[in-house]
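Line by line, the protein sequences give chains W and A. Going by numbering that gives the first Met the number 0, 57 is the number at position 58 of the first sequence; the sequence numbering is gapless. Going by numbering that gives the first Met the number 0, 356 is the number at position 357 of the second sequence; the sequence numbering is gapless.
There may be inaccurate statements among the hints.
To be verified - List time: in silico DSS-like cross-link candidates among lysine-lysine, alpha-carbon distance up to 30 Å:
1. W:Lys181 / A:Lys261
2. W:Lys86 / A:Lys248
3. A:Lys240 / A:Lys78
4. A:Lys398 / W:Lys181
5. A:Lys154 / A:Lys175
6. A:Lys231 / W:Lys86
7. W:Lys124 / W:Lys181
8. A:Lys78 / A:Lys231
9. W:Lys181 / A:Lys284
10. A:Lys339 / W:Lys181
11. W:Lys181 / A:Lys436
12. A:Lys240 / A:Lys359
Said to hold, decoys possible - One-sided excerpt, in silico: chain A residues whose CB lies under 10 Å from chain W:
13. Ser85
14. Gln96
15. Lys240
16. Leu244
17. Asp276
18. Gln435
19. Val438
20. Gln442
21. Ala444
No lab work stands behind these hints: they were computed from the structure. We put the CB at the ideal spot given by N, CA and C, even for glycine.
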Amino acid sequence: MSVNLHTQRADPAPPPPRPGRHQSRSRRRFWSQLDLKAAPYFLISPYFLLFAIFGLFPLIFTFWVSLQDYGLAGGDASFTGLENYSKLLADSDFWNAVVNTVGIFILATVPQLVLALMLANALNKRLRGRLFFRLGVLVPLVTSVVAVAIVFTQLYGRDFGLINWLLEFVGVEQHIDWQSAKWSSWIAIATMVDWRWTGYNAIIYLAGMQTIPKDLYEAASIDGASPRRQFWQITLPMIRPTIIFTVFVSTIGGLTLFAEPVMFASNRMDGGATGQFQTIAMYIVEQAFRNFDYGYAAAAAWLLFVLILLGVGINYLFIRRIGGAK
Amino acid sequence: MMNNMRRGKMLAVASVMTAALGITTACSSGDTGSGASGSSSAAAEKITLTLQTFGGGTNFGYKAAVEKWNTEHPNVQVKYNNLTDSFENVYWPQMLQWLQSGTGAGDVVGIDEGGMGLAKARPQFFTDLGEYGLQSRQADFPAWKWENGVNSEGKLFALGTDVGGMSICYRTDLFKKAGLPTDRDEVGKLWSGGWEDFIKAGQQFQGKVKDAKFIDSINTIYNVVLSQEAAKNGNVTYFDKNQQLIVDKNPAVKTAFDLATKMSGSGLTAKLQNFTDGWNTGFVKSQFATLGCPGWMLGVVSGTAGDEFKGKWDVATVPGGGGNWGGSWLAVPKQSKHPKEAAELASYLTSPEAQLLAFKEGGNLPSTIPAQDNPELQSATNEYFNNAPIGKIFGPSIKSLQPIFLGEKHAQVKREVEQVLNGTEQGSVPADQAWQKFVEAGQKAAG
């Protein structure tokens with residue numbers, strides 16, 4: 000209300016128009032109108048222009064390529080319609096990559112987000128040296144992915160790796176060849192992902208938690224709710240939008256996982272001898288730039304896109320139920 | 000989030016690539032800008048040629064040869080850039096991308112025998128060396144090495160560097176530990192009866208030595224046997240001369256597969272896939288005692304194992320007769336801004352003189368007849384390998400080497416079937432399904 004009153008008072012009655020200056024006034028109005036109406040579009044246009052060039056065009060071009068038999072190494076292109084897609088859906092290697100990607104995604108994301116939530120909750124408490132801890136969890140994010148992957152690949156080395164050496168102390172005499180089996184390679188890759196991203200998610204959750212009004216907790220304490228109950232009944236429902244955001248972003252990231260498994264496979268795209276940890280992104284690169292089947296790879300890229308939409312949709316249905324709220 | 004991570008990696012790769020491209024284009028565009036007027040007098044302006052190769056250790060062995068060129072040609076400097084040790088997995092796919100996109104490839108590039116089938120079928124990628132008078136080099140080369148550098152349009156596009164040859168490199172100290180002979184002649188006699196004798200020696204070795212394996216990996220020994228067997232089966236491996244896939248029919252492939260899986264199955268291999276980080280580490284940590292050694296492999300061993308193991312390696316004759324694994328060519332991509340100088344460089348690097356320098360540096364066996372006949376080669380010894388008389392070991396065989404025909408899709412098929420071999424070795428492919436998977440992988444890769 001007060002705002003309304005204020006604006007009314009601030010808006011003086013328009014002075015009577017002077018005939019001589021009519022034209023210049025209308026021109027000025029035109030420009031100010033243009034300024035008001037068009038400037039915002041103009042100001043955000045760089046994003047959309049860049050998106051059109053680097054996002055939309057490649058997307059459409061990829062689709063166009065996916066309809067062709069398109070060899071990369073000097074081969075010829077010929078239109079084949081949806082043949083690439085039907086071939087791909089029957090390709091066991093593609094489905095192997097899908098299973099690997101989803102498997103690593105679940106293995107990495109679930110512990111990661113749960114851990115991040117616990118970390119954030121701890122960091123939200125009164126702690127000595129709070130800033131230090133808050134910055135500390137972000138440190139892994141600063142390191143390069145490739146460096147992380149190289150170090151972890153060494154840690155998981157078969158003959159001279161630290162992990163196998165430590166496992167010897169708990170009685171695992173036979174050295175594990177981490178790359179050679181699905182379960183072991185998935186675990187190794189999932190730990191690389193988690194090491195790097197748990198802190199990042201924790202900070203985002205922490206930011207979400209700090210927007211929750213303190214009086215909610217005070218009221219709950221007076222009513223005798225335990226800290227655990229407060230977490231489940233207040234914190235979790237209140238930061239639901241934040242959780243949805245992190246889940247979306249980790250879904251997109253998890254399904255396009257690439258750098259870690261590639262480094263883990265010593266720079267090869269096949270992800271182990273039988274593709275134990277070949278992700279979809281690696282499969283696409285293998286098809287396009289190792290087998291030079293560009294059209295086929297483009298089709299796989301589009302299917303990945305569809306898969307991400309599906310994954311995000313499914314996760315949204317799950318997360319919407321968090322905290323029992325509708 | 001993780002998206003960023005992927006993007007981060009992409010960005011890193013992209014920025015490295017653009018930086019690299021930026022450097023090369025900056026040089027070359029600057030050069031053409033200033034050098035355009037003086038293009039007739041080649042040496043008038045200072046230009047830089049990029050030489051791109053692949054391979055572990057000393058790879059092509061061109062360090063001395065390039066240094067010599069650079070002192071003799073102050074205005075045509077060569078930047079020698081060995082990109083990676085893996086041809087099929089890293090170098091060749093990357094090179095094809097550069098060739099396709101028209102930028103990124105060097106002025107002179109190395110191509111392994113496995114890539115020559117495809118290179119021949121893509122005349123649009125490479126400069127016709129005949130235009131720069133290199134037809135005159137024909138007399139230097141054996142017919143097969145020369146003809147493989149002629150593409151599908153009948154134009155000369157590549158000149159041969161080295162040839163394979165075959166031997167066994169072995170660690171004398173580990174052999175001593177196992178109670179095996181260490182003298183190279185006696186070691187050769189140990190398995191003069193063929194590969195079965197080699198396996199027997201391996202079992203004897205393994206009985207005494209626990210912390211090292213007899214053989215490095217299944218895929219090294221597989222390639223050694225395959226190159227020997229191919230010579231007995233019409234000089235073909237995965238493809239016949241009509242580009243038809245014969246991975247399931249060629250007895251050479253089956254014999255090599257059986258022998259390699261047998262050695263691996265009886266626990267003789269260190270399970271270190273060749274040309275990977277683990278394999279490189281294996282040299283330094285003494286994880287294996289023998290290794291199939293074509294000429295160029297000597298440089299890989301000395302370069303990877305390093306001075307610490309100088310004199311601990313030696314070279315003996317190979318069981319099962321001679322073979323021709325490997326050997327490369329040099330070509331000038333069409334995108335080179337200085338094709339004339341690049342052609343001269345390729346010709347120089349494949350000259351008998353430069354081939355002998357490479358032989359001294361890395362053991363790469365020369366492919367030119369004058370170099371093969373050179374007494375210096377015949378009497379050569381290799382200091383790193385306990386002064387082994389490598390001229391005597393390789394010399395007699397290299398002149399009689401048989402060319403092996405390799406199909407257009409050889410590199411892809413090789414990569415995939417060898418991955419199945421690695422799988423059997425690691426246990427992710429069950430032994431009873433291995434051959435079937437091996438054939439299927441080949442068929443799929445040949446598409």
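Verification of the supplied hints:
| no. | hint | verdict |
| --- | --- | --- |
| 1 | W:Lys181 / A:Lys261 | holds (25 Å) |
| 2 | W:Lys86 / A:Lys248 | holds (27 Å) |
| 3 | A:Lys240 / A:Lys78 | violated (37 Å) |
| 4 | A:Lys398 / W:Lys181 | violated (48 Å) |
| 5 | A:Lys154 / A:Lys175 | violated (53 Å) |
| 6 | A:Lys231 / W:Lys86 | violated (39 Å) |
| 7 | W:Lys124 / W:Lys181 | violated (40 Å) |
| 8 | A:Lys78 / A:Lys231 | violated (41 Å) |
| 9 | W:Lys181 / A:Lys284 | holds (28 Å) |
| 10 | A:Lys339 / W:Lys181 | violated (52 Å) |
| 11 | W:Lys181 / A:Lys436 | holds (18 Å) |
| 12 | A:Lys240 / A:Lys359 | violated (35 Å) |
| 13 | Ser85 | holds (8 Å) |
| 14 | Gln96 | holds (6 Å) |
| 15 | Lys240 | violated (21 Å) |
| 16 | Leu244 | violated (15 Å) |
| 17 | Asp276 | holds (6 Å) |
| 18 | Gln435 | violated (13 Å) |
| 19 | Val438 | violated (15 Å) |
| 20 | Gln442 | violated (13 Å) |
| 21 | Ala444 | holds (7 Å) |
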